[in-house]
Amino acid sequence: MAVCIAVIAKENYPLYIRSVPTQNELKFHYTVHTSLDVVEEKISAVGKALGDQRELYLGLLYPTEDYKVYGYVTNSKVKFVIVVDSSNTSLRDNEIRSMFRKLHNSFTDVMCNPFHNPGDTIQSKAFDGIVSGMMVQTA
Amino acid sequence: MAGSQWELPPELCCRPMAFVALTGLDVVYNAVHRAIWDAFCANRRADRVPISFKVLPGDHEYPKCRTKRTSYEWYIPKGILKTGWMNKHLNLVPALVVLFYELDWDDPQWKEKQSECATKVEIVRTSLQGRNTKVAVVLIQKKTPLPPGEDLVASERAQALCHSCDLSGKSLFVLPHTDHLVGYIIRLENAFYEHAQTYYYTEIRRVKSHKEFLNKTTHQLLFVRHQFKIAFFSELKQDTQNALKYYRTAYSLVHELRAHETNMLEIKTMAGFINYKICRLCFQHNTPLDAIAQFRKHIDLCKKKIGSAELAFEHSAWMSKQFQSFGELFDEAIKLGLTAIQTQNPGFYYQQAACYSQDRKQLALQLCQAGASYPSPDPLDTQGAGLDFYGQRPWRQGQQSIDPPDAEKEKTGILALQIKERDVPHSELIIALLSNAVAQFKKYKCPRMKSHLMVQMGEEYYHAKDYTKALKLLDYVMCDYRTERWWGLLTAILTTALRCAYLMASIKDYVIYCMELLGRASTLKEEQKSRIEKNLIKVLTNEVPDAEPECDPSSVSAARSLWNDRMALAGSNELTIEVQDYIPFIQCKAKFQSPSFHVDQPVQLQVFLRADCPHPVSFGKLAVSLSNQEYNQWCVAEWSGQEAMSLLPGKTTCYNFSFVAKTEDVGKKIEMTGIEVMLGGDSGRCVFVSWRGAGGDAASAHEALQASRCSRRWGRNIEARQELDWDSLTMQHSTMIISRVPKISVQLSHQPPALTNEMYCIKLTVQSQEEAMAKDVKLTAGLKPGQDANLGQTTHVTLDGSKVCDDSAPSLLPDVPLGELKPGEKLEKCVYVKCVSTGPRVFLFHVAYSIDTTVEGRQIMCKCHKDETVTIETLVPFEVSVKFVSTKFEPLDRVSVDIPFLLMTDILSSSPWPLLLTSSSLQLLTVTSNTPQLQSQLQEVVLQTGECASECFCLRCPPQTNINNTVATGQYLLSWRRNSSSPDSPLIQTIVSLPHVVLEMVPLYIHADLPSFGRVRESLPVRYHIENRTALVQEVEMAVEPSDAFMFSGLKQVRLRILPSSEQEMLYNYYPLMAGYQTLPQLNISLPRCPTFSTQALKRFLPQRIFVKPQGRQLDDASIAAA
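Protein chains in written order, with the numbering used here: chain A, 1 to 139; chain B, 1 to 1123.
Any given hint could turn out to be false.
What the hints assert, rightly or not - Sample of chain B residues at the chain A side, in silico, Cβ under 7 Å:
1. Q342
2. T343
3. Q352
4. C446
5. R448
6. M449
7. H452
8. Q706
9. R709
10. C710
Simulated from the structure, these hints should not be mistaken for lab results. Here the structure is a predicted model, which is why all the values come from computation and not from measurement. Glycine included, each C-beta is placed from N, C-alpha and C at the ideal position.
Construct the complete structure from the given sequences, taking the supplied hints into account.
If you want it as structure tokens, here you go:
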């Protein structure tokens, strides 16, 4: 289960970011922000090859001592980042993938809302609920 | 340097090389020996064998070899690895000792020298008692040796020497001191290298042989020690593959050791050493992934081995060092050609090292309480001898039992370590590691990681109380986070920066950070913002602000006195802050009401201000500066004393300004160059918040974009106008001053199309609708500039319509003064245009004038102008066609000399307007007119569209003309004008060049005199004139053929002679028999002397037919009478 989930706009500013409340929130912000370096690099590397056949899931972006950071980029260049505790070895690639898929679906629903202005931060309760379901449950 | 306890020993980090000692060399006083030594050690390149040489005196004492243990049964090891061991084998115990001795084979004192050499060898041997070190002898000789086997004396003496020194033949070398010294030296050292290899091989065997005596219970430490030694010897032997293998075994053995609190440090230290060696060798073998995997394994194994809780900072320090040295290894490998990638580069290891250093600092802060005094005697003192074993505690060296033998000693030891740790400059270490990491991430395209590390560096500087450096770093990266719109991170950085600014009492920085923390990008809570705003107000009123929370209390008091000094300081209490690139708490947007203003309208502009802070903010002055500074005085709003200008939180306030533009600025742009809001007042401190251009800040562009995207607001905006939507306010930073709208009408009347070359009249009517006198009216008329360049040369404009203008007339008449125009007055002007070529043209009529007017009570003189353009097509008025025909109106392809012919001209009007042809004339060349008084047949003829006028002239080519094939015949001149134009308008003369003709001579010319008609049964006399045009007598045969229509009298067939240039007349009387057009009897003429001449050529001169009238009636005819 994730310890931090973030949605980043095409222009690289955060649309949504949520982390487990027990730990330093700022640290997760920095982790997500620095992971964008790798995301950008991966996107530009893919851009040179077949652009339309792009795999949205970027895989493990980089491991730190404490966390694993995974990335996912939609076709409109909106980025999803999931941070998982390094000690959590039970999570497999497939599960991370399905988390991203769920996140993407929910994000699409948010965008379909006619009252949502694309580019504004996400304040949807439904999206919040989906994210909560994927986060590490803290008592 | 502090923290050196954690540095890896240099003998571990170096590349082990075989150690060879050279003795018997006097490198100080003997030049030959010096040269030999230099050849060994100077400029050692990578292709030379890896040996480290050392010059030692012949009687050098080598480390004593302890007596060999025969049994390990009762032996309990005191530690894993002695601290001196590596150094001993690198630098103290040689693999080979080489004795240099000067001795030639034919030395006269051979015997004595031989025994001296043997003695020296013996001394070395004694000193190496018990070691396997080899000894070799090098004889330095002055002579070049003969090839082996040829010098019998040499081989005999060599054998003798070997024997007396107890050396094998392989250990005796000869070094001739001649030209090729380096070559000999290289051969020598290769031989030394082989000896060294053998030595290390035997050493490995020796260590391996111990194994059988060891048991797993008491000698665990020795297992590690022996594997390490074997690996190290393998490295010295340059057998890195095996070295790696043994190190790996050693590594797994070290983790099998029973670990407890007292030996944890020793185990970790050794594990770290071995790990370092393994990683180093993996990089050396170009298997970086193995190195990384080993390192990961190492970290995972050791991460939790914290050891003593009171000394937890030591574990962090050790971890940090592990990461740092791996990073350095990685970096070194990259320098040797390894390629790293964005997600796997040394930067991550430096970063993690920094991270552990931060942990170390935290732990040190917790564990090392101030106040305790350093214990005496010093438990860490080892009487200058250092430790015996790596990683042991100075106060209980060599103890391997689980519990410390002396609890009291243990306590003081830990206390001493804690006190020492307090003095470690942690921040310095952390910053050095971070800056290493920054350099790496910069290289591997990680700008955000770099920024993040720079923030950490800034924070560390802040903790180290180096606020200037901290601010510099934080300020540098702040803008990255601002442009990427990560407000949470920006706020965190700003908060630290604000603390720095407070502690430094840097007023400007303090104000800037306050402003941004109060702004909309700040994620601070309302009460925080409220506190910051109060502080900001304090600074503005020249008071000392309250301290920022979480500041070091001692620093706060220092800062307070700094602030007091600042406040006491007079002057310099004005600050200008450029906020365009920040996100300040006052937002500003300004706009001109319109993108353009007429000069007689007041220019209006609005400035919108909005405060995002929690409390209302008042300001003293608002000023807009414009590109023309003269207007600035009109765009100032100042606090007048009664009502303060203040901004309410979240409300938009609008300020309107207007001014009258200067007439000189017509056609120019007026731009807002800046907006300033003055905070504070005269009593306290003045802060000018300044925006460039028309306001806006680092975030407003994005907000405007979002606002424009938002569909919700479209519909609502109409009904909810009174509440301004801040985000959708657009800025208009410049306006154009355009000239006053002219109140005159300009009308053109003319009759298109124009005809080529005519003076085309365009009548311009200017009527004033102004209420005042229009002065200085000027007309610019003519071809509109910017068209085809050729048109400029083929168009001429003039005001004088009385005569046809010439080519010097311009295509554009500029600034024709038309005087003044009273209100309602009308003015007319004719402009004449002559177009030489056809096609469309655009003509411009520009009427400019000036007028006095008042705007908002100010008298200004405005210049106005009105433009009128018209496109006029130019056509050819008529087509003239000219042809030459014979007197019988038959087309002529050539003209005979001295024979009359006709010139026919046809003028076909293509003008839509009737044309009046006033006259026409011929200007002849070569040919002359046959009629003495040439009269134009076209005088005053009016041609309608499509009508054609023709003229006919009888011409003749004079006889004396040279017969050069073609000749020019002259020009046809036509004078004309439009029929509708006034009689005094000028005539246009059109010149048509007549075609060239081909001339020919005829030898014989015949022409007939005959009446214009005949009558049936009445005599018709016909006289033929035959002229001989040649200079020869011509014989002519002539015959008249019978005809049904005529009877005739005269010579039917005749042959006659005609003299040169004379004429013969022949008379015939024809008697017509039938009425109507009748063919005359055929006259056949032939020139027997000139057979080429045909009758046909002559026939064209003769009439073919004649009209015969019927017979007339007599007057007394009965029929008439009957009538």
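Okay, the hints, checked on the actual structure:
Hint on Q342/B holds. Least Cβ distance to chain A is approximately 5 Å, under the 7 Å limit. With a cut of 7 Å, the hint placing T343/B at the interface with chain A holds, because the nearest CB-to-CB distance is about 5 Å. Of the supplied interface hints, the one on Q352/B holds, with its beta-carbon coming within about 6 Å of a beta-carbon of chain A, less than 7 Å. Taking 7 Å as the C-beta contact cut-off toward chain A, the hint placing C446/B at the interface holds, the least distance being around 4 Å.
About 5 Å separates the beta-carbon of R448/B from the nearest beta-carbon of chain A, less than 7 Å, and the hint is met. Hint status for M449/B: holds, given a least beta-carbon distance of 4 Å to chain A, under 7 Å. Taken as an interface hint, H452/B checks out: its beta carbon lies about 5 Å from the nearest beta carbon of chain A, inside 7 Å. Below 7 Å, beta-carbon pairs count as interface contacts, and Q706/B has one with chain A at about 5 Å; its hint therefore holds.
A distance limit of 7 Å between C-beta atoms decides the matter here; for R709/B the minimum to chain A is near 6 Å, and the interface restraint holds. Interface hint at C710/B: satisfied, since its Cβ lies 4 Å from the closest Cβ of chain A, which is below the 7 Å cut-off.
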